Amino acid sequence: MRSIPPGLAARYEAEGWWTRETLGDLLAARLGKSGDVEFRVHSEVRPWQGTFADVERTARRLAAGLRARGVGPGDVVVMQLPNWMEAAAVFWASAFLGAVIVPVVHFYGPKEVRYIVEATRPKAFFAAERFGRTEFRPDLCAEVPVVGVVGRDFDELLADESLAGVLPVDPDTHALVAFTSGTTRDPKGVIHSHRTLGYETRQLAASYPPDRGRQFTVAPVGHFIGMINAFLIPVLDGTPVNLGDSWDPARALALMRDEGLTVGGGATYYMTSLLDHPDCTEEHVARLKYAGLGGASIASAVTNRLESLGVTVFRAYGSTEHPSVTCTPYDGPAAKRLHTDGLPLPGAEVRLAEDGEILTRGPDLCLGYTDTELTAAAFDADGWYRTGDIGVLDADGWLTVTDRKADVIIRGGENISALEVEEVLLGLDGVAEAAVVAVPDPRLGERAAAVLRMLPGWSAPSLDEVRLHFGRAGLARQKWPEMVHKVEDFPRTPSGKVKKFVLRKHIATPTM
981 MRSIPPGLAA
991 RYEAEGWWTR
1001 ETLGDLLAAR
1011 LGKSGDVEFR
1021 VHSEVRPWQG
1031 TFADVERTAR
1041 RLAAGLRARG
1051 VGPGDVVVMQ
1061 LPNWMEAAAV
1071 FWASAFLGAV
1081 IVPVVHFYGP
1091 KEVRYIVEAT
1101 RPKAFFAAER
1111 FGRTEFRPDL
1121 CAEVPVVGVV
1131 GRDFDELLAD
1141 ESLAGVLPVD
1151 PDTHALVAFT
1161 SGTTRDPKGV
1171 IHSHRTLGYE
1181 TRQLAASYPP
1191 DRGRQFTVAP
1201 VGHFIGMINA
1211 FLIPVLDGTP
1221 VNLGDSWDPA
1231 RALALMRDEG
1241 LTVGGGATYY
1251 MTSLLDHPDC
1261 TEEHVARLKY
1271 AGLGGASIAS
1281 AVTNRLESLG
1291 VTVFRAYGST
1301 EHPSVTCTPY
1311 DGPAAKRLHT
1321 DGLPLPGAEV
1331 RLAEDGEILT
1341 RGPDLCLGYT
1351 DTELTAAAFD
1361 ADGWYRTGDI
1371 GVLDADGWLT
1381 VTDRKADVII
1391 RGGENISALE
1401 VEEVLLGLDG
1411 VAEAAVVAVP
1421 DPRLGERAAA
1431 VLRMLPGWSA
1441 PSLDEVRLHF
1451 GRAGLARQKW
1461 PEMVHKVEDF
1471 PRTPSGKVKK
1481 FVLRKHIATP
1491 TM
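Numbering (my numbering), first residue to last: 981 to 1492.
In case anyone wonders, no lab produced these hints; they're calculated from the structure.
Quick caveat, the model's predicted, so the values are computed rather than measured.
Quick reminder that beta carbons are idealized off the backbone N, C-alpha and C, glycines included.
Check before you lean on any hint, since a few could be wrong.
[Stated by the list, open to error] Quick list of simulated restraints, FRET-style, between CB atoms:
(1) Ala989 with Gly1030: 39 to 49 Å
(2) Asp1311 with Ser1439: 56 to 66 Å
(3) Ala1333 with Ala1375: 37 to 47 Å
(4) Asp1016 with Glu1334: 51 to 61 Å
[What the hints assert, rightly or not] Quick list of in silico lysine to aspartate or glutamate cross-link-like pairs, EDC-like style, CA-CA up to 16 Å:
(5) Lys1480 with Asp1409
(6) Lys1479 with Glu1413
(7) Lys1013 with Asp1034
(8) Lys1466 with Glu1445
(9) Lys1479 with Asp1409
(10) Lys1485 with Glu1445
(11) Lys1485 with Asp1409
(12) Lys1477 with Glu1413
(13) Lys1091 with Asp1119
(14) Lys1091 with Glu1115
(15) Lys1480 with Glu1426
(16) Lys1480 with Asp1387
(17) Lys1466 with Asp1383
(18) Lys1269 with Glu1287
(19) Lys1091 with Asp1166
(20) Lys1466 with Asp1444
Required output: the full structure, derived from the provided sequences and hints.
Here you go:
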């Protein structure tokens, strides 16, 4: 794990940012006060309606069932589920047991899931029998002792009696491992403790406007922030949960009209697809009130448009590694809210390296990665995290992210590793060299473009041929290239490296 200077840890404790409360403690204490709060899943596949008490009852029966099968403190529980009630039950049950929860986005393919299972060696694995294009693959968890499949045998794991209380664990131990794509060929396993995750939950909740309304949450619970917004912050605040298992602007608009829900932001894609939909009316816009944007590049055209419609925009900067670094206060000056990524949040520190790279540290910074080599490369001895992002700080300390050193495409708030996609492209017949770059997209923020240099005598594959190849490779559909370009050779540095910034510029114009 990374180095945490003793003085820094002592400061976090003295300020009350780090407490002795575990994830299970946090949930148990708050659920006891808000059992009658609504919990709903708006789904055409698996709708559900009940209360926090109903979900907790299922979670505690599941915890007892898992305990009887040998799952306990420190054991790993992998969960690849859509935004369903059972996902909350698995998450809460794991917390009550002191187990380490590993949420996996539901659209990850067999390649990614196999890697995650091998990297974490779970005692239990949960998945959906079928959802969208994804079906349960028993071969991916053949060595896992306990397997629960929602839609098949999940209920068989529920004990007759519920687990009472919370099993004790050290708050400095692992609570969660969140896998995220980056510059590496495989997803990176980001490790959070009970302390870092607890502080992040309290910090994020405090940054939200108090009158933001009943939220419709569609960000995947397999994603770090989606999970916190669905399963932790509502419990902390005692506010209703309304989940959606897929993003459909028409359905979201109907729920806003019929159920009085609102959508509070996330990746800009959610907001722009709502506003662009023909069903969107002035009544819908009035319900939006606030738009907290992050998770992808944020165009000024989007923030200006929202603000002109009377929607108060506030922006945030962070990552799975360090979730809450900066935020623009929702009641702050418009020029700062719209066009910067905000001020450092309580406990967070930001400084810039000589090349402009953003370095951060704070109470919610992760412990490191499952891959120790990645940990050594990303963190220094003083506890600073090298983000891979480039930014500027103005005279008042407001941060603006201007570029990325990391070779990552952020599509609809999800990270895509260019290296991972390039390796799959090199498996196509006739491909001599491949580069994958981000191209701007007004709806999703960015899309992945494949640029190929072919062997002599070979024609470049069509986009359909590329997508067929990626489907066979088992890569998540969101990672598939969405355009293909051919070059005779790549623009290169003197050392032979591909100049991706030149490729991005050419693809954005009709000259290539």
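### Query
When you take the CB atoms of alanine 1333 and alanine 1375, is the distance between them in 37 to 47 Å?
violated, 19 Å
### Query
Holds or violated: lysine 1091 with aspartate 1166, Cα cutoff 16 Å?
Roughly 9 Å between the alpha carbons, so the hint for lysine 1091 and aspartate 1166 holds.
### Task
Given the hint that lysine 1485 pairs with glutamate 1445, test it: the Cα-Cα distance must not exceed 16 Å.
Violated. Lysine 1485 to glutamate 1445 sits at ~25 Å, over the 16 Å cutoff.
### Query
Is the Cα-Cα distance between lysine 1480 and glutamate 1426 16 Å or less?
holds, 15 Å
### Task
For the pair supplied as a hint, lysine 1091 and glutamate 1115, confirm whether the alpha-carbon distance does not exceed 16 Å.
Holds, at roughly 14 Å.
#### Entry: Restraint check for lysine 1480 with aspartate 1387, where alpha carbons must lie at most 16 Å apart
holds, 9 Å
### Query
Taking 16 Å as the top limit, are the C-alpha atoms of lysine 1479 and aspartate 1409 close enough?
Since the Cα atoms of lysine 1479 and aspartate 1409 sit roughly 24 Å apart, the hinted pair is violated (cutoff 16 Å).
### Message
Given a hint of 39 to 49 Å, does the C-beta separation of alanine 989 and glycine 1030 actually sit inside it?
### Response
With Cβ atoms ~40 Å apart, the hint holds.
### Query
Are lysine 1477 and glutamate 1413 close enough, with their CA atoms no more than 16 Å apart?
holds, 12 Å
### Task
Please test the hint of 51 to 61 Å on the beta carbon pair from aspartate 1016 and glutamate 1334.
With a Cβ separation near 56 Å, aspartate 1016 and glutamate 1334 satisfy 51 to 61 Å, so the hint holds.
### Task
Mind checking the alpha carbons of lysine 1466 and glutamate 1445 for me, to see if they're no more than 16 Å apart?
Distance ~14 Å between lysine 1466 and glutamate 1445 Cα, so the pair holds.
#### Entry: 16 Å limit on alpha-carbon distance, applied to hinted pair lysine 1466 and aspartate 1444
holds, 15 Å
Hints 3, 5, 9, 10, 11, 17 from the earlier list are contradicted by this structure; the remaining hints agree with it.
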